[in-house]
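Chemist: Residue numbers (our numbering), protein chains in the order written: chain A, 14 to 170; chain B, 74 to 364; chain C, -14 to 355.
Hint data in this document are derived by calculation from the structure and do not stem from the laboratory.
Fair warning: there could be bad hints in the mix.
Stated by the list, open to error - Residues of chain B clear of chain A, computed beta-carbon distances all greater than 10 Å:
(1) Arg82
(2) Ser113
(3) His217
(4) Phe226
(5) Arg244
Claimed, not checked - Computed footprint of chain C on chain B, listed as stretches where at least three residues anywhere in the stretch have a Cβ under 8 Å from a Cβ of chain C:
(6) 132 to 143
(7) 170 to 180
In this text, all values refer to a predicted model and were calculated from it rather than measured experimentally.
Every residue gets a Cβ at the ideal spot worked out from N, C-alpha and C, and that includes glycine.
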Amino acid sequence: MNELLAILEDQPFFADMEPEHRRLLAACAAKNGYPAGTRLMRDHEPAETFWLIREGQVALESPLREGCVTFQTLGPGDILGWSWLLPPYRASYDARALTDLHTLRFDAGVLREHMEADPAFGYMLMKHFSALIVQRLQAARLQALDIYSHGGPGHGT
Amino acid sequence: MAPETLQPRADSALPEQAMAPQPWRIHSVRPDVASNEVFSWTLYPEPGVEPGPPPAPGQFNMLYLFGVGEVPISVSAITADGGIVHTTRAVGSVTRTMQDLGPGAVVGLRGPFGTAWPVEQARGRDLVLVAGGIGLAPLRPVIHAALERRDDFGHVVVCYGARSPGDMIFRDELEAWGARDDLDLRITVDRGTAAWRGDVGVVTQLIDRGGFDRRNTLAMVCGPEVMMRFAASSLERRGLKPEDIFVSMERNMRCAVGFCGHCQIGAHFVCRDGPVFPYPVMEPAFRIREL
Amino acid sequence: MEVITPQAVDTLIRLLASDGYEVVGPTRRDGAIVYDRVHGLDDLPAGWTDEHAPGHYRLRERDDAALFGYVVGPHSWKKYLFPPQETLFRLTRQADGSFTTEPGESDAPPRAFIGMRSCELAAIGVQDRVFLGQAVQDRGYAARRRDVFMVAAHCAEPGGTCFCASMDTGPRARGGFDLALTEVIDATQHFLVAEAGSDAGRAMLDRLKPRPATDAEQAAAERVWAEAPEKMGRQMPADAREVLNRAFEHPHWEETAERCLSCSNCTLVCPTCFCSQVEEVPDLEGQRTERVRRWDSCFNQEHSHLVGGAHRDSVAARYRQWITHKLATWHDQFGTSGCVGCGRCITWCPVGIDITEEVTAVRRDPEGRA
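Just need the whole structure built from these sequences, with the hints factored in.
Modeler: If you want it as structure tokens, here you go:
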């Protein structure tokens, strides 16, 4: 437990939370690992978990008929999974370990109950995940803009 | 108050050569991407040409093609023996003509011009470089300087975003930097390929992974404006003070000395007061449309 | 103070010419008072004046024979110091693929400017800061500027679009001239009060054989100076810089853009606008080429060219750039306003956009709510 708390304190996503809230999160977390190639999430399957990636790299993929397209990768310090927050609590993409992973795995089902029971905690966690989702949304927009197709600094005609 | 009239001075602070293209010869040409859309020239002055001071990281030269025209191109490296490396993307009429030139051709050069990256100010601190696309070129001299005097800096983090693996420039050097344990190179592409094993996503997510001391870091950002804006937000979110973030701007620089008026952003001439600016100075340019 | 006769102005022109100056001054042509070569008194627009209003300029005969009884025409002295077209360099290809660069010749003779207005002297001070006051001096400008003999004519006839009094640049010239004249004319008398502003001006004035002014003549000149500011048709708010620095996103610019034709007339007649572009002009054999500088304007779309399109694509952004640069950011760049209050941009705007009214409109409604 103390070890998990220490890990959370070191991570930007958790660092600014109340110690009490961090303890609650640590109580729902467990250290674990996955070998490369593991599929941690599958599009449309129930989402009852999220992960803090401590080591390794994860690809977020959209399954297409021609195969999977990676639209983003996550690495150390990143949070994987937010579909557990909102109904219908189903994943909206695949997540696949590109390397061996060390993670903290959070039981989101239990956390949801805590959030309902303790609105202060619920609001705090919702705020943190909203910021994360906004960040991902902005990143997706930037990607869609294809920003590198026009010139660049110091380059005229 | 009516400004008093002035008298011409006997000397300019910059020599007459600041305005006249001087002949420099292309020693070698290197395609930086497979399509040769981005290429690097190593240039040496022709006999009799008095080169200007060595360009500082972030400065640019005006490159001139006889009978064609002139463009501002940032310096992407200098060689030990006085050569200057310019990396260009063929996107306009002048740069497309440049693409066809080979070793031995003579081009015009005047400069260096503009402000430099504040490398000295980063001494004793962590250094975060964020480059997008060809924006890696103006930052490469900073990486060279940091590696040359590696002990002067704390963590050195280089975040590089490219459109796709095939659009990445300086591939050999990226590989060499990636192999070092005293440089934290992070690369991401907007669109991966089947063979791509690295990160996918925008360059800002590389910043979000931290790995630098928020209280003692200097950041330099170069890339498309929208990318710089998002990168600056990410850096601020990581705890950097706005004044510790520097950006390099692009505008229509023609004369390079504040005469022609084309490159103004508000009160600033990008050629004279930039291209490298502290982020707070350029913040309105990111916010106000068509400034 | 000293007095010279109108005929002495003829002597002045001829003496300057015999001293080797190309003498340029006001003359009547194509329905306007323009600046061109003058050879004697007959070339000056004696007995003519000009009416100014937004988008309106007309010559009108005076009921006297005043030499300098007009406001200002579309030309300014800018065209001599910073010509509309100028070859900066001539380059020649060498056999080994290299090239040589020679400066474009500055063949301009020393010039004498006759009849400069106070606002125009101020405008030269403004352009001096651009072309002489930065790290690099403009070679051609410095060469032409060095040799100018300046004869000011204190303005007695500010027009309907003038506002130099509110810019503190006139109508009486306070310095920068070699010689300054105040023309006094009424039913009974016609003379000019002359002041020297330099050693060269003093020497020239002596050659014109002036006589000391009487008390009455001096009083008459002082009356001209005192009355001139009252004739000014317009006024610039004193806080124009602050107003514009707060108005980058003011909706008013969209309204102005509906009228603005983006024709660049205002920048062409402006005595301080300095934007230019350099074109490559090669010969047919490809052995010689020239770098030719021409006036440009921030109203041209190409002015803000970037890969992917013009940065200031909208007319609103281009108008805002012009007015904000002129009245606000110019201070940051060069320590002075870029506007001298001559009113040309108002007179020569085909749709009569009024720079003073633009500032007033934004000032009246800082939040853009109206």
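Chemist: State for each hint whether it applies.
Modeler: Status of the hints after comparison with the structure:
1. Every Cβ of chain A is farther than 10 Å from the Cβ of Arg82(B); the closest lies at roughly 30 Å, confirming the non-interface assignment.
2. Against chain A, the non-interface label of Ser113(B) holds: every CB pair exceeds 10 Å, the least being about 13 Å.
3. Against chain A, the non-interface label of His217(B) holds: every CB pair exceeds 10 Å, the least being about 17 Å.
4. No beta-carbon of chain A comes within 10 Å of the beta-carbon of Phe226(B); the shortest separation is about 22 Å.
5. No beta-carbon of chain A is positioned within 10 Å of the beta-carbon of Arg244(B); the least distance is around 16 Å.
6. With a threshold of 8 Å between beta carbons, the proposed coverage of the segment 132 to 143 of chain B by chain C holds, since 5 of its residues qualify and at least three are required.
7. Check result for the segment 170 to 180 of chain B against chain C: holds, 3 residues qualifying (beta carbon to beta carbon below 8 Å, three or more required).
When the structure is compared with the earlier hints, no violation turns up for any of them.
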